[in-house]
Amino acid sequence: MRALLAALLFACAAGAAAAEAERVLSFERAFTPGLWVWGFPGDEAAWAWSPITLPHNWYADPPPASRAWYRMGFTLDYAPIGSHSIYLARLPLADLTVYVNQREIWRMSEQYAKGAALTAVLIPVPNGVLREGGNVIHLLAEGNAHWFHGVPRVYLGDARVLAEWAGMRRLIQGQMIYIVAAAFGAVGLLALWLWLRGGRDAVLFWYAMSGISLFIATALWYLTLWRDDAAGLRQVLVFLRFNGYMMPLLILHLRLAQRRHPWLEGVLWLALAAAVVSIGVRGPWQWLAWSGWGILFAALPAFFIIPLLRAPGLRREPAVLLLLVADVAAALMNLHDWAIRLGWIDFERPYLVYFVAPFVMLAAAVPIIERLMAGVAATRRMNIELERRVDAKARELESGYEKLRRAQRDQALAEERRRIMADMHDGLGARLVSLLSVAQSGRARPEELSEGIAAALDELRLTIDSVQPVEGDVGVVLGNVRHRMRSVFERAGMRFLWNVSTLPRMDDLTPERILAIQRIFLEVFSNALKHSGARSVAVSAARVPGAVQIVIADDGRGFDSLAVRPGNGLANLRLRATQAGGTLIVESNAGKGTRVTLKLPLAEAEPPEPSGRSDEEAPYPIQGMSPEPSRA
Amino acid sequence: MGAPVTAPVTIALVEDDDEARGRLVASIRSDPSLRLTGEYRSGGEALIGLDAGAPDVFLVDLGLPDMHGLDIVRHIAAQHPACEILVVTIFGDEESVMSALEAGAHGYVLKGALEHDIAEDIRHLRSGGSPLSPVIARQVLKRLVPAKPALFGRSILTQRENEILNAIARGFTYAETGDLLHLSVQTVHTHLKNIYKKLAVHSKTEAVFEAERRRLI
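Line by line, the protein sequences give chains A and B. Just so we're aligned: 282 in this note's numbering is position 282 of the first sequence, and the numbers increase by one with no gaps anywhere. Remember, this note's numbering sits 1000 above the position in the second sequence when you count from 1.
Everything labelled a hint here was simulated from the structure, so no lab data went into it. Nothing false has been slipped in among the hints.
Below, a list of computed lysine-lysine pairs in the DSBU-like style, where the Cα atoms sit at most 35 Å apart:
{"no.": "1", "chain 1": "B", "residue 1": "K1111", "chain 2": "B", "residue 2": "K1197"}
{"no.": "2", "chain 1": "B", "residue 1": "K1142", "chain 2": "A", "residue 2": "K403"}
{"no.": "3", "chain 1": "B", "residue 1": "K1142", "chain 2": "B", "residue 2": "K1198"}
{"no.": "4", "chain 1": "B", "residue 1": "K1111", "chain 2": "A", "residue 2": "K530"}
{"no.": "5", "chain 1": "A", "residue 1": "K599", "chain 2": "B", "residue 2": "K1142"}
{"no.": "6", "chain 1": "A", "residue 1": "K393", "chain 2": "B", "residue 2": "K1142"}
{"no.": "7", "chain 1": "B", "residue 1": "K1193", "chain 2": "B", "residue 2": "K1142"}
{"no.": "8", "chain 1": "A", "residue 1": "K530", "chain 2": "A", "residue 2": "K599"}
{"no.": "9", "chain 1": "B", "residue 1": "K1142", "chain 2": "B", "residue 2": "K1197"}
{"no.": "10", "chain 1": "B", "residue 1": "K1193", "chain 2": "B", "residue 2": "K1111"}
{"no.": "11", "chain 1": "A", "residue 1": "K393", "chain 2": "A", "residue 2": "K403"}
{"no.": "12", "chain 1": "B", "residue 1": "K1111", "chain 2": "B", "residue 2": "K1198"}
Sample of chain A residues facing chain B (criterion: CB under 8 Å; computed from the structure):
{"no.": "13", "residue": "R461"}
{"no.": "14", "residue": "I464"}
{"no.": "15", "residue": "Q468"}
{"no.": "16", "residue": "V470"}
{"no.": "17", "residue": "E471"}
{"no.": "18", "residue": "G475"}
{"no.": "19", "residue": "W498"}
{"no.": "20", "residue": "V500"}
The model shown is predicted, which means the values in this text are computed figures rather than measured ones. We treat Cβ as the ideally placed atom computed from N, Cα and C, and that holds for glycine.
Chain B extracted, bound-state conformation (with noise of 0.2 Å):
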């Protein structure tokens, strides 16, 4: 995704392991084209610092001392909404990614794997989206396509976002997704991106559904 950088991207982050945003730092400030404009140690400072203004690219480590780190997600991407967020997660389980796309992160990134460059994802995930894994797109779809067809009414996704997912549950990467529905790599990287947006609007939609069920509203 060689695409050049003109002006550097704005990054800050939050982390509460002294050591891992150690490392954090020293990627991002290795890197030319990103810039880091703030590092928390807690959820509290993190929206002290938004409140001055969002930068780019915001990286959310879910496991906070003060508050859970999707309450953060949230916050910027109804605060902040061209704010990229990414959270970061050592396992990239499917549980805490869905609940990180739900809450309105566009990504996510693995810590403490091995020679593994932090800015490096970051550039990739600027230069369009999220490295989805099978695992995520199959539950993505498993969200967003009905059970059953839908006899009235249209689908939440449309049959070339289907498609999609549907390669990249299959392990295809996004240039071969591309390939294979002859697309451009950066035309999979927009289909994904609205991919999210449904994601989380859909879960936004499904709890108000549930709360009107439980008459809550």
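Only chain A is shown next, with the shape it has when bound in the complex (with noise of 0.2 Å):
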């Protein structure tokens, strides 16, 4: 903003250096009847004419019934071939009538008057109105005194340079008013949606109001440009175009100390709302209204700066220190427009009411922008913070997981060298002594002890056995039975009829569990073998409601199971089932074979599967049978 006027400056200074290099007669002084002439002042010795300095405010320096003639002679010394222009770097307000030479070139039109209010003129000279020696130009100015304004330094020179002079003014204090007011409204809309997007920070919402009010209320004064019914209106909204995005930046500079001040936050509002009022009434006082609420709004940014620099962390901010800077340039510019309008300063120089916005907005912009990058900071520290912490506690729960599962590991492992002792003790231990007192007697046929030795063998196989890996599925140990056992079956001419469907795994089949399945289905089969005369067995597993069911079925002699003598084994099977973790049902009948149904309850928590799946129809891989994954 300050290169922006230091470039306005330059470009004025540049004019004004130009002026003469470029022919352009500047006039710094005129003559004035010093009383109201009515009619054209054509006789010069009729009049009193008396020197006055331009440009000349009528605030400070009345003119006479609020009309005034001024004259201005000057003689060129060159041929006027060229076009020339008169320009004025501010149209008065009152009306104004330009002549040369006696001869009429301009009057102010009802269009300057609306639309390039306050902006540069531009008057043509029509060719052959100026001549080479001496010329004089009249101005008539007409209309009632006004604070703002008077009638301001003349130049006339070549049409070109000053059309260049006039374009440059009109977008400084024409067009750009619009530019910033878009830019503003467009930054305040984003503002808005980060709003909204984000933790809804108070502070980012006072500033999309500021630049949004600045916004509507700089398009609303445009359309009023327009109509001749919105006079009021539109000081209304020139007013609020000036200062009214204030409110919302005053309010921002207390939320960015982190304070809250309701009652003086309403106090504003009234403030505010009262100044518009009083704007919007006309009459004798209203440019004491407009002066005395434009300087309080100004003022008021260089007051709320102050909680700012008092709160502990953010006096030493450099956005913080920048934002006092443009809060009290702010002020600044503001007295430089009112010391303009009251007659202190030339009023030829330009208004920076328009750069006050743009300049306090964007330092008040700094210290948003290092708001939110600070969030976003704090936001990735914290998140990094987070994973720390998760990853120390997953760390810790590993650590601790692992413990646990190396005690139960080792506690399984114990229980496991205990139980295989117990049953070498009392399976294949007491087989050994046995053989070996047999041996030892010289009594013991070949055949015998082969026997022996072959089923002590046998023994060892089935504690093997029991502690292979079956992943929990009941059908490789049934399946394992059969295919340790296959010679003996084949060699017996026994036939199976085999039905094993995919089984839920049970993630709770111990080897003690597999050895006691294992033993019921041996038992079972020698009996088939050995007793019953079957010739066929049918094995079926399947999941039943809440279990899995074993059943073995032979076609043999059977027996009365009404009339089952004790110790003929059944009891020795119940045993095996209750330590299978599992029930057994015995079913026979003289004549019709035998029925043994081992039921396997499941683990509450399985999950429901589709029934009715038979194998020819199993689709792969099943479940129950996927690899579990990596425990131990």
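Can you join these two chains into the complex? Each is in its own frame, and there are hints to help.
Structure follows, in structure tokens:
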């Protein structure tokens, strides 16, 4: 913004420097009759023309009867061949008529009054009006004495040069207003979007309101330019355009300082409302109200920066210092403009009020952006910290879990060792001891010995099989018994009707239970082989509600289950079934074979499986068969 | 599997226990369709013997005095891919069988079983594959089927191979598996051979992967 101002001042200076070079005449002085003259004051001698300095501020130095004639004489030392213009840097609100060499060349039109109010005026001088030697310009200014204006400096010269000056002036005091308003409207919308998306940061909200209100007031003001009946509204909108955006900015100051002053904010809004109403009222005191409110709102930021400066963490923040500079500069810029209006400063100078809003809003954007960046950085830091903590926690849990697993494994191993030892002691050990005594007796037949040793080997293999990995699959246990015994069955001519479907995984299938299940099968199979004379055995295993059900049915002689004598092995089977964690039912009728049903309950957590799945249609891979994720 | 055998199958074996070796030799000699071409007492002897050429079938005892039987299996699998390797084990437990299969063996025979004819086992194996126990089938499935279905890339086993292993793991015989899946027994055997190959290859890739992971390669 400063660069822009510097460029502006430089442009003015450059324009002034170019004046001599391009033969532009600058009228710093004029002559006025000092009293009201009716009609064109052609006869110079008839009036007492006294000198007056331009620009002539009517507020500081009112003309007679609210009307005044100005005369400027000059000599051209060349033949005025090219086109010439008269340039006024600021159009007076008074009606204006321009004469050159007693000929009227321009009268302020309606269009100028509306569209180009307060901006530069370029008046072309018709060809042939100017002449080499003496010329004279007369201005007739009419209207109420106004604190805003009077008659500005008058420039006459090359039309192209003056058109450039006028263009520059209109850009700065005209188009720039709309560009700035549109830009801050867009910035305001962006801030609003960020506010809606992000954490509803009040600072962002007030910033958005500030930009949007600046845009709306400017847009409405522009629309009222083209309506004759909207003069009062136009006044209000001009006031809002210069001061309305300041309210949200003031509240933003408080929010940046993490302060809330509800009553103060309320008073501020009330003051703005009162200002708007009083500006809308037209009357002799209007200008006083205008200037009073304007100065108040312009000066307020310089006070609202105080809480920011007093906030401990913010005092030395470059962004806050920048905002302080902007606020103070804004107050000075407003003061500058009021000095122009009050006639303290040459009113040809451009107003700075247009640049207060962009200046302060740009400065206010810096702490907001810093805040956003700090928020992002804090979030990132928090994420990193959170990740670190989660990692630490995960490691902690992992190590705890690892310890637990190790302890469980150790315990399971110890139990397994104990079980195998007991098993070896009762089974294999006892068998070997008895074999040894038979061998030592010297009466042992070789067949008897080898049969005993083979039985001991079978016992050993059974024990080993019970610790083979079966992944919780009872089907594997059944299949393995069949596989182990296949040569025995083949020799005996026994046929199997094998119907083991895919079974749900049983995670609690311990070696102890496996051994018990193996023993049940061996027992049932050997009964079928040795006692019942069966030719075929049907084995089926399937899932039933809540359990795995295994049924072994032979086509042997059977027995009357009502007349069962004790000690025939049924009790032994039931004991094994208990060890296997299941229930056993033996059904038999003489002549109709025997049917043994073992039911192994499934753990509660077992998910329901679609029923009615037979082997023929079993899709693969099958539930319960998928390898377990590595656990141990 | 009564496939008629025209030329006798040549067999060599390495076994350090004299008595066990004697029984194996006797069993093989009793079968006219088999011809013993070498019997070795140690791994070193076996490796020297193999330099002269490999038989159709090589029986390897895993517990040798001078080297691990798996090293011999690996050697034969690498140098004589046509030779069928059978390991001899007492228990046929998962650990020893799986490591043998992964080293490149084609099957295993149990030793010490009562009235068990090793020659019959060999004929059985020659006609198509090894008797895969349900436990082993289950372990092969576990090795070769990923825990989660892969989003990209194919799974190692075909669906048919998966089905076959699945049935065997549930105790179905090869014949029953063939009936179940409407395949001939011979096709089941072919599938199983492919599965063994995949298992061996897979274990090698795994080893490479593991080595890479440890930055050894």
